[in-house]
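Here are the chains, one letter per residue:
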Amino acid sequence: MSTTPSDDPGGPGGPGGLAGRHGPDGLPTGYLLEAPPPLGVARRTSPFTVGIELAALIASTLLELVSRRAGQAEPPSTPLDPGLATLPLLVLGPRVLGWWLRTYRLTDTHLELDDGILRRRHRVVPYSRVQQVDLRQSLLAQIFGLAALRIETAGEGGAGAVSLRLLRLHDAASLRRFVLDRRDHQAGRRDAPGADAGEAGPAGAAGVERPPPLAYELARMTPGDLAVSALTQGPGALVGVLLLVGGPWLVASGGPDAPTSVTTRLAVLLVLAVVVVVLRVAGRLLGEWNWTMTVRGDDLQVRAGLLDVREQSVPRRRIQQVALIDNPLRRALGLTALVLHTAVPAGATSEGASPLVQVPLLRRADVPGFLRRVMGPEWAVPELTPRPPAAARRAVVRRLLLLLPGSLGPGLAFGGAAWLTAPLVLAAVPWGRAAHRGAGHAVIPAGKAGKAGMTGVTGVTGGGGIVALASGVVHHRIDLVPIDRIQSARTRTSPLQRRHGLATLRLDIAGATWVGPLTRSPGLYDMDATTAAHLRGTLPS
Amino acid sequence: MTDEAGNPLDPRARRLWALMAAAGAVLLGAVVTVVVLVVRGADGPWWAGPVVVAVGGPLGVVLARLEWRSWRWHDGPQALELRHGVVFRAASSIPYRRIQQIDLERGPLDRAFGLTQLVVHTASATTDAHIPGLHADDATRLRRHLLDRAGVDDTV
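Note that the protein sequences, when read in sequence, are chains S and Z. Here the first sequence stands for residues 9 to 549, numbered as in the numbering used here. Here the second sequence stands for residues 3 to 158, numbered as in the numbering used here.
Hints were generated in silico from the structure; no laboratory data involved. Some hints here could point you the wrong way.
[What the hints assert, rightly or not] Covered stretches of chain Z (in silico footprint by chain S; criterion: 3 or more residues with CB under 8 Å from a CB of chain S, positions within the stretch not fixed):
hint, segment
1, 88 to 102
2, 120 to 130
[Unchecked claim] Derived CB-CB ranges, DEER-like:
hint, chain 1, residue 1, chain 2, residue 2, range
3, S, T393, Z, V41, 37 to 47 Å
4, S, T393, Z, Q80, 52 to 62 Å
5, Z, D150, S, G545, 32 to 42 Å
6, Z, D150, S, L341, 18 to 28 Å
7, Z, V88, S, G545, 20 to 30 Å
The model shown is predicted, which means the values in this text are computed figures rather than measured ones. Beta carbons are placed, not taken as given, at the ideal position from N, Cα and C, and that holds for glycine.
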């Protein structure tokens, strides 16, 4: 992995800007060298959009025809079923008409979109409302040099997003850059009367005719980095599944009469493990190939993928939470992964917008610099205040109860060699202690310069203080949450927790609905009840 | 120990919850009786259903009353504070400036008892801000008060 050496978050003295150049992968990263999209002209998406659908439809019709013929003893009298033959026309007719009537038009201040056949719709999307512009290329789109563009606007729950698919790659990249630049330009005009150039930094500098913000590459993953990231991800899950599923199978009904020897079964398990690991590495390489993170003004842009190329553009002011995620293997190697949570509405995730920006692999030593460059100078991984000693005891007891069935169960069920799993129960002690060591909380108080301006980038949070909550062993994560992004806070206590003066704290942030194992409300289990109540009352503001 | 600070729910909510707990026990008892009759026939333990009603009914009523007693809401200087729970106790703080929307909900049973549920929404889907048993007038007043504190103009 490579990250830029400078801590400058994109200031004039920062690393060389990419604006107006071709990106390292040949994709145009700026429209300045090319002709900007024409204004005031109604344009359509690429005719390939319909062409690809036509090809898919013809292919499926032919497939259906072949399968029908194969299923009949004698060929039918008419080679084409009349109903089947008219299907492409019936389906494609409205598609072609819909494509023809769907036009977009760029103006100096907004994007207009007209679509609909019977019910016409005219939409106006002011550039100032644009939040995120994502570019995506499927394998088929790559072959034809096309890309899908998705322009997401603020506060419409994902329903108001404009999806332009498919455009020529050059047009899509150019349009994306144009929309983002117009948005930044309008933001600059809006900020101009009261803007303080000293505080607003490069993105918020006063002035009506502001130049496009500087862009520079922040980090890049080599194929080796991606392979290491896949190899070191979730080893505990793999080992756990092998032990739970393979363990009993390995020792059960073993003996000279068994159909397969223990050695054979061990070999099968090992081959399975290797296949799982190889598939995981291949999946990571395909999904994250040439992963590159670029900073451009307030936007973070991530480009990755081999077959399905995606290019995310996330405004940093929409980041609600930063999570550092590692496991024992990564900790031993001094590695970690980083996930940025944005406030993408739940409705938008079903349409392909991801609320997560993932950095697959980072060196521990690079984390402070990376955080400062991405989020601002206030950001750091603080020293954590540990939980009370009672929490350590409960951590061991809980894991003891968790391991008991898995460790003694096989012995009780199968007897004999299955009792070999019994000593596993002793793992509860180091596991519980490690969990206690890795858990804790910290609060970085508000900076001197207040909420705005400290980061050098308009709108990026952290100046109002940051709270850190850490927990887990096998899946250890440190959640860093800007205090001014906390919507509300909750505490919860069970009878046993109350007996030991403990409580669970949860922080509610925007967009924290569950869309996968990486998303959850940041929280800490078994922290001191008084501290939890204090944080609940004081953190959200 | 329940924190006594804050406002309790309307007493009619206690009666409604107790009634629902008793009705739930009767329903469960009926289901158990039907299952026993279907699986084991008339010779089976037909008394299981009545036992479920006899034990579950009073237990449900007691738990409903305890749950009602545990409920407190308080409009603090900066945030709306909620506390509830008998076995698992939960407390929430929702700052006024984070409030995005306030809903008043009245189901058929709520209407029959003159009650209203008040649901506060923030930008987070996980915010737990649901006050289940307010007097209809109190709920309207509280909604207006919270909107004022949130700085949201309620006029159409």
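Tested hints:
no. : hint                        : verdict
1   : 88 to 102                   : holds (count 11)
2   : 120 to 130                  : holds (count 7)
3   : S:T393 / Z:V41: 37 to 47 Å  : 56 Å, violated
4   : S:T393 / Z:Q80: 52 to 62 Å  : 24 Å, violated
5   : Z:D150 / S:G545: 32 to 42 Å : 21 Å, violated
6   : Z:D150 / S:L341: 18 to 28 Å : 55 Å, violated
7   : Z:V88 / S:G545: 20 to 30 Å  : 22 Å, holds
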